[in-house]
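K.L.:
Given next are the chains, with one letter for each unit.
Protein chains: 2
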Amino acid sequence: MGTFVVLGGQVGGAKLADGLYHLLKRRLTVIVNTGDDFEHVGLAFSPDLDTLLYTLAGLASPNAGWEPQGETRRLYEMLKMVGGPDRVPLGDQSLAMPILRTEGLAAGRTLSEITRGFCQHLGIEANVLPMSDDRVRTQLLTEEGAVSFQDYFSQLACEPVVTGFHYANAAEATIPEAIVNALRAPDLEAVIIGPCNPYHTVRPILETGGMRELLRKQGAPVIAVSPIVGGGALQGSAAKMMRELGQEPLPRTVAMEYYKLIDGFVIDQVDAEQAEGLRASGIEVLVAPTVMRSLNDRVDLAVQVIKFARHVATVKAEAAESGA
Amino acid sequence: MGTFVVLGGQVGGAKLADGLYHLLKRRLTVIVNTGDDFEHVGLAFSPDLDTLLYTLAGLASPNAGWEPQGETRRLYEMLKMVGGPDRVPLGDQSLAMPILRTEGLAAGRTLSEITRGFCQHLGIEANVLPMSDDRVRTQLLTEEGAVSFQDYFSQLACEPVVTGFHYANAAEATIPEAIVNALRAPDLEAVIIGPCNPYHTVRPILETGGMRELLRKQGAPVIAVSPIVGGGALQGSAAKMMRELGQEPLPRTVAMEYYKLIDGFVIDQVDAEQAEGLRASGIEVLVAPTVMRSLNDRVDLAVQVIKFARHVATVKAEAAESGA
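Read top to bottom, the protein sequences are chains A and B.
Here the first sequence is numbered in this note's numbering, starting from 1 and rising by one per residue.
Here the second sequence is numbered in this note's numbering, starting from 325 and rising by one per residue.
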């Protein structure tokens, strides 16, 4: 059995990573979006990294997967009382990693090193890597101006109409060597794009430091799992954004986003009738239950995705041979 | 009725300031020790300022006056879980002011400005002023080396034998103009030194930027309240430090610490028999119940101290006239 790379962020990405982690342990590398990182009350927040760590450590809330279970907001209540900003409802436990991250960055440590430290202490064996140690910031271009996802989500309640995206500093940022090594590992079996918002969770990773080209050049199949199920997103605002961008909220729209990058695509069973159309465009398609309500669901989906990736690898190898 | 200045820190100083505040409101200026300020997990902690603010805002825990009532430690538990330091048991609510303080200092605001902002939001009308906007750090010289009070208290459990004190940067630090103005106010009635540790709470204030000379030169009487009651300190390690410094833990030792500075001295009723000896050395003495268990106790003591200060002012004026 070889190694696997999964990339993404958000709760959906974390859940699939968790399923894969249960099967693969240290043979799993997770590349995490940091384009939605933000600074607030002087602290460095990395929401996608923290969501993943809570999830892999088994600490995440079942209902609000981006924070630990049983979260409280005592500090936040006092913060507001003494005049602090109220726009981000800070959780008490959720502030521990941002505080240590801020301290670590100020001391000159990289985000990768800091994240590795958290993983070691939480007993996470997977290789969790931020997409870059350089600062990349996704801006949602809206009819009301450019905003961070954090502001769009918590201050603007996802209301402004989205017209586009800008990934500030993505081209200039470099990919950490650990990511390059994971993608060039001789035993790499597949790269999996998690069921995440294609625009502000996956694309920032692809736009960073030539990642898209790196993924295209490596030999293992690239598989994406659709975040769109039954015409909507399970969580987040992907479907809303698609409509505003003039696209239908369908798996096909996601597949087109990853055009020329993916070899296989996983869609939910409720969208089974769309499989043929997708296959006609030359992509291998797996129809599977992709809604992960329990830990079992995560592992079941991971099992199917791994099996599918191996199938796609075989198809890809055969195509290469017949092409050669 | 004129204005009053009280100086000090710790829970004892905060309680007396609270009693005075109930009587004087905006006619009270509190000068607060910042020599025990410390940096931890990248945040700027000002324990004496925070203790005072919780107390004046009516938020302080009755049992642990340095933190808000009903404090929880959820963030701290998570902090330890992800590899953070465990030496300071951080409270959730107690982190709000340090976080905003750190952010404010990084943005170039002074400690005075930041403190004023907290007071405004907490509805505190007293004029609360840190002893300096410059960094002054008290070091306890012990048989095991120099340590901060924070480390002495929370890491070393107050165990090392104290041999002396060093107030790093005190001479170079400047006194904020607001303090100079309060001490030069034409209607200033008295300066009161709170019942606090003379060595690491009061002396840093006196050593900072010529404060001792400033206090001597202003005309109003200086009154100190003894932190030593019945041979011990009510809270903290003042008595232990006195013994280690070869002094008896008696009010007289405190009075000697303020030699040539104070005009009046307040001792507890349990030490009444020591009043005569103190008067013989030329100080006006008030014997009063100084143990503040309730808000009523604080106000009662404040009433007595104000009355006593006015008596001392009369005596001082008469002495000046007869001397003239």
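Hints are computed from structural coordinates only; laboratory data are not their basis.
Don't take each hint at face value.
As the list claims (entries may be wrong) - Lysine-lysine pairs mimicking BS3-like chemistry, simulated, CA-CA at most 30 Å apart:
id: 1; chain 1: A; residue 1: K80; chain 2: B; residue 2: K541
id: 2; chain 1: A; residue 1: K260; chain 2: A; residue 2: K316
id: 3; chain 1: B; residue 1: K564; chain 2: B; residue 2: K584
id: 4; chain 1: B; residue 1: K349; chain 2: A; residue 2: K25
id: 5; chain 1: A; residue 1: K80; chain 2: B; residue 2: K349
id: 6; chain 1: B; residue 1: K349; chain 2: B; residue 2: K404
id: 7; chain 1: A; residue 1: K25; chain 2: A; residue 2: K240
id: 8; chain 1: B; residue 1: K640; chain 2: B; residue 2: K584
id: 9; chain 1: A; residue 1: K240; chain 2: A; residue 2: K260
K.L.:
Regarding the pair A:K260 and A:K316, is the alpha-carbon distance no greater than 30 Å?
P.N.:
With a Cα-Cα distance of about 14 Å, the restraint between A:K260 and A:K316 holds, given a limit of 30 Å.
K.L.:
Run the distance test for B:K349 versus B:K404: straight-line Cα separation, threshold 30 Å.
P.N.:
Answer violated: B:K349 to B:K404 is near 41 Å, above 30 Å.
K.L.:
With a cut-off of 30 Å on the C-alpha distance, tell me whether A:K240 and A:K260 pass.
P.N.:
Distance of about 25 Å is within 30 Å: holds.
K.L.:
Can the restraint linking B:K564 and B:K584 be considered satisfied, given a maximum Cα separation of 30 Å?
P.N.:
holds (25 Å)
K.L.:
Sort out whether A:K240 lies within 30 Å of A:K25, counting only the CA atoms.
P.N.:
Given pair A:K25, A:K240 is violated - Cα atoms ~35 Å apart, limit 30 Å.
K.L.:
Is the Cα-Cα distance between B:K640 and B:K584 30 Å or less?
P.N.:
holds (14 Å)
K.L.:
Within a Cα-Cα threshold of 30 Å, do A:K80 and B:K541 meet the stated pairing?
P.N.:
Violated: A:K80 and B:K541 sit about 42 Å apart, past 30 Å.
K.L.:
Would you mind confirming whether the straight-line C-alpha gap from B:K349 to A:K25 stays at or under 30 Å?
P.N.:
Roughly 63 Å separates the two Cα atoms, so the pair is violated.
K.L.:
Does B:K349 sit within 30 Å of A:K80, going by the straight-line distance between their CA atoms?
P.N.:
holds (24 Å)
When the structure is compared with the earlier hints, violations turn up for hints 1, 4, 6 and 7 and for no others.
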